[in-house]
Amino acid sequence: MVAIISPVADLVIGVSLGVLAGFFFNIGAVYLKKGVATLNDITLSDLKTIWALFKNRTWMFGLILGVAGNLPYFIAQ
Numbered sequence: 105m106v107a108i109i110s111p112v113a114d115l116v117i118g119v120s121l122g123v124l125a126g127f128f129f130n131i132g133a134v135y136l137k138k139g140v141a142t143l144n145d146i147t148l149s150d151l152k153t154i155w156a157l158f159k160n161r162t163w164m165f166g167l168i169l170g171v172a173g174n175l176p177y178f179i180a181q
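Numbering of the sequence shown is given in this note's numbering, commencing with residue 105 and proceeding in unit increments.
Please keep in mind that the hints were generated in silico from the structure rather than gathered at the bench.
Just so you know, not all the hints are guaranteed correct.
[As the list claims (entries may be wrong)] With a straight-line cut-off of 35 Å between C-alpha atoms, the simulated DSBU-like cross-links for lysine-lysine are:
no.	residue 1	residue 2
1	LYS152	LYS138
2	LYS159	LYS138
3	LYS159	LYS137
4	LYS137	LYS152
[Stated by the list, open to error] Derived DEER-like restraints, expressed as beta-carbon distance ranges:
no.	residue 1	residue 2	range
5	VAL112	SER149	52 to 62 Å
6	VAL140	LEU115	35 to 45 Å
7	ASP145	ILE117	36 to 46 Å
8	ASN174	ILE154	21 to 31 Å
Where a beta carbon is used, it is the ideal one built from N, C-alpha and C, also for glycine.
Using the sequences and the accompanying hints, generate a full structural model.
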């Protein structure tokens with residue numbers, strides 16, 4: 105492993121980015137759950153119910169937060 109700045113600074117940056125990624129993942133999951141709770145039953149055989157997820161702003165916000173959490177996660181790795 106190569107230290108870019110110093111071993112301590114790399115540790116602090118890595119842990120901070122990991123905590124930030126965890127925050128994004130967890131808050132994203134909360135919004136995904138809130139979005140699903142407002143919808144009717146979702147069935148995989150009916151594409152209209154799945155399409156309703158993508159029209160739900162709360163669910164989409166949670167999805168974006170979850171995907172955005174991958175950037176600090178990969179940088180921390």
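- prompt: Looking at the structure, which of the earlier hints fail to hold?
  reply: The structure breaks none of the hints.
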